[in-house]
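With this note's numbering applied, the sequence shown covers 68 to 586.
You may find that some hints are simply not true.
The following label-pair restraints were derived from C-beta to C-beta distances [to be verified]:
| no. | residue 1 | residue 2 | range |
| --- | --- | --- | --- |
| 1 | G268 | D586 | 37 to 47 Å |
| 2 | Q540 | Q182 | 32 to 42 Å |
| 3 | D166 | R218 | 15 to 25 Å |
| 4 | R549 | K226 | 51 to 61 Å |
| 5 | Y255 | R549 | 56 to 66 Å |
Hints in this document: simulated from the structure, not taken from any laboratory.
Beta carbons are placed, not taken as given, at the ideal position from N, Cα and C, and that holds for glycine.
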Amino acid sequence: MLKKYSLLVLIVLLGMTSMNLTPPSHAQDNANPFGSEWFSQGIMYEVFVRSFRDTNGDGIGDLQGVIEGLDYIQSLGATIIWLMPVHPSPTYHGYDVTDYYGINPDYGTVDDMLQLIQEVHNRGMYIILDYIANHSSSQHPFFLNAYNNRRSITSEFYKWRNEGQTSYEGFTPAMPELNYNTPIVRQYMIEMALYWLDPNGDGDPSDGVDGLRCDVAVGPPLGFWAELRTAMRELNPEAILLAEAWLRDAPALTNYLQGNAFNAAFDFPTFHALISDHNFNDDGLVSGQSSGYLLEIAVNGAQHVYLPGAHLVRFINNHDTNRIMSEVEGDMARAKAAAVWLFTAPGTPMIYYGEEIGMLGSKGAGNPYWDENRRESMDWYASTFGPAMTTWFMPDDTVNLPNDGTSVEEEEGDDASLLNHYRALATLRNSTPALQTGVTGTLNLSPEAKDLYAMWRGDIENVFYGIIINFEQETVSATFQRDFTSNEIVMSSGFTLDGNSFTVEPAGYAILAMTLPKD
68 MLKKYSLLVL IVLLGMTSMN LTPPSHAQDN ANPFGSEWFS QGIMYEVFVR
118 SFRDTNGDGI GDLQGVIEGL DYIQSLGATI IWLMPVHPSP TYHGYDVTDY
168 YGINPDYGTV DDMLQLIQEV HNRGMYIILD YIANHSSSQH PFFLNAYNNR
218 RSITSEFYKW RNEGQTSYEG FTPAMPELNY NTPIVRQYMI EMALYWLDPN
268 GDGDPSDGVD GLRCDVAVGP PLGFWAELRT AMRELNPEAI LLAEAWLRDA
318 PALTNYLQGN AFNAAFDFPT FHALISDHNF NDDGLVSGQS SGYLLEIAVN
368 GAQHVYLPGA HLVRFINNHD TNRIMSEVEG DMARAKAAAV WLFTAPGTPM
418 IYYGEEIGML GSKGAGNPYW DENRRESMDW YASTFGPAMT TWFMPDDTVN
468 LPNDGTSVEE EEGDDASLLN HYRALATLRN STPALQTGVT GTLNLSPEAK
518 DLYAMWRGDI ENVFYGIIIN FEQETVSATF QRDFTSNEIV MSSGFTLDGN
568 SFTVEPAGYA ILAMTLPKD
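With the sequences and hints as input, model every part of the structure.
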């Protein structure tokens with residue numbers, strides 16, 4: 068039943084657990100090499116522009132649609148927007164770029180992009196751009212010029228397998244990998260990144276993006292990322308360099324969080340502890356298939372394995388995974404419990420567009436679709452049709468149906484909806500410093516609670532917050548092993564508290580405001 072013992076063993080062997088109500092200890096450096104504190108205090112919202120909002124009636128989302136949707140994004144408590152690729156590309160997803168300095172004409176123009184950046188900054192928000200550095204499109208002019216042409220001035224940009232330059236290394240055949248053994252590639256990719264941080268080149272980054280989400284960060288060498296980070300820091304010391312290093316164990320991910328290259332990384336080890344296989348549903352901890360204790364191990368361990376100050380992005384789905392509502396097979400209570408973990412775990416929580424309304428989506432069989440089903444149109448209306456709805460991908464076998472209760476329109480006025488659950492959690496997190504940057508430890512509970520997720524956040528010398536989630540399939544009754552001066556329920560479902568004892572139902576949870584007696 069416990070499917071993640073490999074993660075547990077790795078962390079235990081490295082001595083990374085904190086198993087009592089005492090703060091974790093770190094050998095603190097005088098200087099924080101990671102910086103960008105705004106990132107750890109924020110909530111990030113991932114936007115697939117193509118599916119978000121359409122303002123010109125062509126069925127494809129656009130940058131003006133993102134501008135139009137900023138009020139909605141802010142209503143979720145989000146302070147950071149991550150845009151999936153916006154550059155010209157021959158594919159719908161955009162992860163094979165043909166012009167790193169351009170904007171996909173389906174989405175608008177460079178001026179639209181600059182307007183979006185300004186609108187985001189005017190609201191005190193931040194914007195992060197997808198940065199595809201591992202590979203370009205096979206339709207990129209540099210590749211087309213170099214293919215089968217040894218005399219090409221762009222030959223050095225790619226990893227050729229033969230002298231004739233007709234065979235090459237690629238992420239896929241349509242995505243030839245860039246050759247970072249040559250200075251010209253490093254220089255080009257750094258200059259391109261700096262362009263988007265300061266589009267008018269005047270040395271003032273206020274008109275540029277606030278960071279880069281680095282796709283396939285395990286591809287280019289770490290030395291390149293260090294060069295890029297140095298150049299970014301000179302232009303904008305607060306800009307974030309975020310690694311998508313899809314590694315399933317924490318010790319491997321530490322290589323990307325040494326302080327000299329990336330400021331931040333997606334926490335894939337903890338993600339897989341929560342959901343198991345991202346291509347299959349109902350197989351993870353969140354679905355009741357393993358113990359919440361393993362999630363405690365992952366969260367506690369992260370505090371010890373990574374350097375102090377490193378930013379971790381916590382998430383429960385993204386554009387490459389099955390959606391969380393599909394993972395729990397439509398179980399609203401489990402989706403809400405997962406959201407409680409997301410907003411109370413240490414790190415920067417990320418919401419994948421549509422997650423907050425419970426959109427469904429699982430990997431396809433490739434006949435003809437693979438990931439499109441995970442990236443369907445944002446469902447604004449009960450009927451699935453209306454102003455700004457995108458229609459670029461509406462398959463006959465869609466699982467997001469009209470009048471299914473899953474839309475912004477249907478959930479907006481329902482206090483019990485998933486949408487308003489997300490808003491309440493975001494409001495709590497944004498108004499509670501302990502849930503943004505507070506330290507974390509394990510709550511001491513009686514043995515009956517061994518399979519619960521039970522953590523605390525904050526300052527145990529004053530008010531701190533206890534988070535209890537029952538991902539199991541059975542009701543659990545247990546007791547706290549400490550006496551509290553106060554122990555108040557801030558938010559809960561399926562949870563009852565009686566003095567020092569409590570009962571929590573399957574998929575039940577509680578967020579508690581707690582204080583200890585003064586010695």
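Hint by hint, here is what the structure shows:
1. G268 - D586: 37 to 47 Å: violated, 59 Å
2. Q540 - Q182: 32 to 42 Å: For Q540 and Q182 the Cβ distance comes to about 50 Å; the hint is violated.
3. D166 - R218: 15 to 25 Å: holds, 23 Å
4. R549 - K226: 51 to 61 Å: holds, 58 Å
5. Y255 - R549: 56 to 66 Å: Taking Cβ atoms as reference, Y255 and R549 lie about 58 Å apart, which means the hint holds.
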